[in-house]
Amino acid sequence: MKKLILMLCLTLPGLAQADELSTLSNFERARAELIETYLDPSLSADERKQTVQRLELRLVDLERMLIRDHRVNAHDSRLMRLAFSNYDLSFLVHASAERNVSGIDHWLSEMGLNRSAILSAEPGPR
Amino acid sequence: MHKFSTLLIAFAFTLDASASWQPNAEKLIRLPGPMLQKAVEQDLHQSPLGQQLQSSQTRLNALSQELRAAADKVAMSAPEDIDTRHDYLELKSAYLDELESYQAQRRESLSTKQQIFARVAKRLRQSSAGATTPDAMSLPSLQRQAQARISQNTQVVDDLLYPTGIAEKSLYVSQYQANLDKIRELQGAIAKHELNNAATLNGQEVSRLEYVQYLLAETDSSLAILDQEELMLGYMARLVALDAQSLQMQLEYNSPDVDRGQPTAVAEVVDYFVN
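Top to bottom, those sequences are chains E and G.
Here the working numbering = 1-based position in the first sequence + 25.
Here the working numbering = 1-based position in the second sequence + 279.
Bear in mind the hints are in silico, worked out from the structure with no lab data behind them.
Please note that a few of the clues may not be correct.
[Said to hold, decoys possible] Far from chain G by the CB rule (all over 10 Å, computed), these chain E residues:
| hint | residue |
| --- | --- |
| 1 | Ser50 |
| 2 | Pro66 |
| 3 | Val118 |
| 4 | Leu133 |
| 5 | Asn139 |
| 6 | Pro148 |
[Stated by the list, open to error] If you only want the chain G side, here are some residues facing chain E, beta carbon under 8 Å, derived:
| hint | residue |
| --- | --- |
| 7 | Arg398 |
| 8 | Leu421 |
| 9 | Ala425 |
| 10 | Gln426 |
| 11 | Ile429 |
| 12 | Val435 |
It should be emphasised that the depicted structure is a prediction, and the values quoted were computed from it without experimental measurement.
Built from N, CA and C at the ideal position, the CB exists for glycine as well.
Given the sequences, and given the hints that come with them, work out the whole structure.
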């Protein structure tokens, strides 16, 4: 289950390998770390809450830096377009605050993952 | 006698080939409309071509006065006073030489102005076309949409993430707004700067592109007038040649058929040649 979600996380926005603009790579690194924290079963509820809070504070700055970065146009790439073409999935902190839901709820909802979908999932070859 | 033949044969219109004007177009292109015109004029004034234009104009004015005096002298002279008429014809010829040179210099300066204004207009059209191309899926467009969205809920996010006293605002968050305020102040000052004042035509504010197009049209008009003046110059030269021929024939056949001149610059001096 965790593997599936992590795979989806990396393939859908497809930003993890972006290294062309430091703002983008820093942003995506922080975003991946946040999603990994959302899904880390080894963390206790308190640990997760504190880590998520710290990471969201960092990610909110990086989201703003990327959105405001005037060099974005000069780095017109597939990865950059992916980042900007799906605001709700890319800019998690701002999008979740806009909807007034937690980051994890927002992300799961954007990924189309809900209780019934997960429970109806069947194991099988990829 | 030989002098008249020489006068008939040659109208040597010369242009000093060393005179030139090569304005720094890239520098001029960045200037706002009214400044552009002044800078172009100033650049021309300081160039070798500009210096030539000024000295040609000074010489033409002096020749024009001499022509007026010579015309009066011819009017008062006896019909058989060939030397006076010959001097008058030589003066006309010298005037036409100078005028030809002056017009060639004007043509060069106007052509260069035309090129500059056309280049600026083209650059402005390209930039305005690029700015208005509707492409909702282009990266700049996507970034603008994201910026608009983020600016709408920045405060909401800050209130959620930085409830009073719980978390310290990051350096980026705290400095960004302060810097943004200063940037807006600077932008306001730039917008109000005299160099950014909109150009006006007939009391109406016009865009930079419109103003440059107006300058281009004015330059085209001047070139059209110059074409007309060159036609006049050709006719004047022909009249001088006919006058000289007439004078020569008068000497040879004792004919009293001689012209009389009357005063005035290009259009004004035409009268000297028409009679």
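Consistency of the hints with the structure:
1. For Ser50/E, the non-interface assignment is confirmed: its Cβ lies about 17 Å from the closest Cβ of chain G, beyond the 10 Å cut-off.
2. No Cβ of chain G approaches the Cβ of Pro66/E within 10 Å, the least distance being about 25 Å, so the stated non-interface status holds.
3. Not every Cβ of chain G is farther than 10 Å from the Cβ of Val118/E; the closest lies at roughly 7 Å, contradicting the non-interface assignment.
4. With a cut of 10 Å on Cβ distances, Leu133/E stays outside the contact zone with chain G, its closest approach being about 19 Å.
5. The beta carbon of Asn139/E sits about 24 Å from the closest Cβ of chain G, which is more than 10 Å, so the claim that it is off the interface holds.
6. Annotated as non-interface, Pro148/E keeps its C-beta farther than 10 Å from every C-beta of chain G; the closest such distance is 38 Å.
7. Interface restraint check: Arg398/G against chain E, minimum CB-CB distance 25 Å, threshold 8 Å, status violated.
8. Evaluation of the Leu421/G hint against chain E yields a held restraint, the C-beta minimum of about 4 Å falling below 8 Å.
9. Checking Ala425/G against chain E by beta carbon gives a least distance of about 5 Å; that is within 8 Å, so the hint holds.
10. The restraint placing Gln426/G at the interface with chain E holds, with a minimum CB-CB distance near 6 Å, inside the 8 Å limit.
11. Below 8 Å, beta-carbon pairs count as interface contacts, and Ile429/G has one with chain E at about 5 Å; its hint therefore holds.
12. The restraint placing Val435/G at the interface with chain E holds, with a minimum CB-CB distance near 6 Å, inside the 8 Å limit.
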